[in-house]
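Here is what each chain is made of, one letter per residue.
Protein chains: 2
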Amino acid sequence: MYRKNLTERQYEILEFICRRIDKDSRPPTIREIGREFSISSTKGVFDHLDALEKKGWITKSSGEARGIQPIREKTEELFGKEEGLPIVGSVVAGGPTLAVENVEGLLELDEMFPNQEELFALRVDGDSMIEAGIHKGDILVVRQQPTADVGDIVVAVINDDKGTVKKLSRVDEEVHLKPANPYYDTIVRDPSEVEIRGRVVGVVRKM
Amino acid sequence: MYRKNLTERQYEILEFICRRIDKDSRPPTIREIGREFSISSTKGVFDHLDALEKKGWITKSSGEARGIQPIREKTEELFGKEEGLPIVGSVVAGGPTLAVENVEGLLELDEMFPNQEELFALRVDGDSMIEAGIHKGDILVVRQQPTADVGDIVVAVINDDKGTVKKLSRVDEEVHLKPANPYYDTIVRDPSEVEIRGRVVGVVRKM
DNA sequence: TTGTATACTAAACATAAGTTTAGTAAAATA
DNA sequence: TATTTTACTAAACTTATGTTTAGTATACAA
Numbered sequence: 000m001y002r003k004n005l006t007e008r009q010y011e012i013l014e015f016i017c018r019r020i021d022k023d024s025r026p027p028t029i030r031e032i033g034r035e036f037s038i039s040s041t042k043g044v045f046d047h048l049d050a051l052e053k054k055g056w057i058t059k060s061s062g063e064a065r066g067i068q069p070i071r072e073k074t075e076e077l078f079g080k081e082e083g084l085p086i087v088g089s090v091v092a093g094g095p096t097l098a099v100e101n102v103e104g105l106l107e108l109d110e111m112f113p114n115q116e117e118l119f120a121l122r123v124d125g126d127s128m129i130e131a132g133i134h135k136g137d138i139l140v141v142r143q144q145p146t147a148d149v150g151d152i153v154v155a156v157i158n159d160d161k162g163t164v165k166k167l168s169r170v171d172e173e174v175h176l177k178p179a180n181p182y183y184d185t186i187v188r189d190p191s192e193v194e195i196r197g198r199v200v201g202v203v204r205k206m
Numbered sequence: 000m001y002r003k004n005l006t007e008r009q010y011e012i013l014e015f016i017c018r019r020i021d022k023d024s025r026p027p028t029i030r031e032i033g034r035e036f037s038i039s040s041t042k043g044v045f046d047h048l049d050a051l052e053k054k055g056w057i058t059k060s061s062g063e064a065r066g067i068q069p070i071r072e073k074t075e076e077l078f079g080k081e082e083g084l085p086i087v088g089s090v091v092a093g094g095p096t097l098a099v100e101n102v103e104g105l106l107e108l109d110e111m112f113p114n115q116e117e118l119f120a121l122r123v124d125g126d127s128m129i130e131a132g133i134h135k136g137d138i139l140v141v142r143q144q145p146t147a148d149v150g151d152i153v154v155a156v157i158n159d160d161k162g163t164v165k166k167l168s169r170v171d172e173e174v175h176l177k178p179a180n181p182y183y184d185t186i187v188r189d190p191s192e193v194e195i196r197g198r199v200v201g202v203v204r205k206m
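These protein sequence lines map, in sequence, to chains A and B.
According to numbering that gives the first Met the number 0, the residues represented by the first sequence are 0 to 206, in order.
According to numbering that gives the first Met the number 0, the residues represented by the second sequence are 0 to 206, in order.
Rather than coming from a laboratory, the hints here were simulated on the basis of the structure.
Among the hints, a few may not be true.
[Claimed, not checked] Reference listing, derived: stretches of chain B covered by chain A, where coverage requires no fewer than 3 residues with Cβ under 8 Å from a Cβ of chain A:
| hint | region |
| --- | --- |
| 1 | 15-27 |
| 2 | 64-73 |
| 3 | 109-116 |
| 4 | 120-133 |
| 5 | 192-202 |
[Claimed, not checked] Here are the computed lysine-lysine pairs in the BS3-like style, where the Cα-Cα straight-line distance is at most 25 Å:
| hint | chain 1 | residue 1 | chain 2 | residue 2 |
| --- | --- | --- | --- | --- |
| 6 | A | 59 | B | 59 |
| 7 | B | 205 | A | 205 |
| 8 | A | 205 | A | 166 |
| 9 | A | 59 | A | 3 |
| 10 | A | 42 | A | 80 |
| 11 | B | 54 | A | 22 |
| 12 | B | 59 | A | 22 |
| 13 | A | 135 | B | 135 |
| 14 | B | 42 | B | 54 |
[To be verified] Far from chain A, some chain B residues (derived; all Cβ distances over 10 Å):
| hint | residue |
| --- | --- |
| 15 | 5 |
| 16 | 35 |
| 17 | 48 |
| 18 | 80 |
| 19 | 137 |
| 20 | 148 |
| 21 | 172 |
| 22 | 183 |
| 23 | 185 |
| 24 | 187 |
Beta carbons are placed, not taken as given, at the ideal position from N, Cα and C, and that holds for glycine.
Turn these sequences into a full structure, and let the hints guide you.
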């Protein structure tokens, strides 16, 4: 067997279908597949599709035009999503191309930060969090939440003013917002004056 | 006129087509559109599609089943891509929801780092670049290139060994790879021993 | 007021595309 | 060795889908 219980022909055809969907935003017809692979009879293609369906790689909406629908979770694993950047664990000597064996995964925001509904991004203005690796111009990924734990880096609004990014801590009855920069002072306020808007869960920087 | 020279009906139908493509990876048929909008005659829908084509929002592959193809650049602008996180410039007081007026753009890797073919991502191992805001566990976005300028943060391989991330500089005839951490030493080598694999163009961190 | 654009119905038509029947041949499997 | 699976051809059939013809009604501009 060629790959994952598919014959070579089935693999080729499945790949063609997926590439066509990526390219044209619609699946090919049986005859279009036949043309691509020089299969003159529609039955020849039909049989391959039956096999692909039986093996769980596609579903066919019976009777509908362009009814082939690949099972995305499976085919994406097989052919890749054509999205994101390959993450490598280390760069080794050799040619200029990346060794595929070395690839750990794909860098993609969707995967890295799921639950996008709760997230927003915030451009950093000052340099008060520089020692936490947060620089001016960085974009923070923030999870919207009204409370946070001590030690979290939070986005907070003080006295209905502009938002600020600081490390949260509590002493006695007061909220402490600590910068990660020795040239800035800790902000100490009564809890009623501080409104937590979210917790920083990621940083994205373009250099 | 409703929006961008479209009538309300045309806008609705165009939106339906785009959402259907996003959802099902294929455009609807004329009759499917008719069903959605309770238009019993295919001609009713057909006329709308003609209007949409004349106004430059879609193309129709004449004679082909599911031949409607929206002009992506235009429709994405109209309906959004449903991808990425909204980037806000500042967080202001008020409700827990984000003010739309405040949104500067969308955070998406494709847009932030185009030319994906030349890019790869590298997981950072040590803490030698901590003062450059590069921490252990961060993922670097690296542009593959065999040379770099002085001052660039580069991924380099020394003596065919494991890759390292340092700031590039040159003194006399030698390559200096400078860490951004006072506890580490600058690596000084002959150019023949250093192979530059790429330049760091971004950082992504999950916290 | 006449024409043009919008927004449809109803019915017929043409064809693109899915499906089925009948059969061949080689390769893999039991 | 027999049987199943793979990989097709050829032709007919069905139907989903695109297209056209003929006509109604309203709104708007020239």
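**Message:** Please list, smallest to largest, the hint numbers that this structure does not respect.
**Reply:** Failing hints, ascending: 10 and 19.
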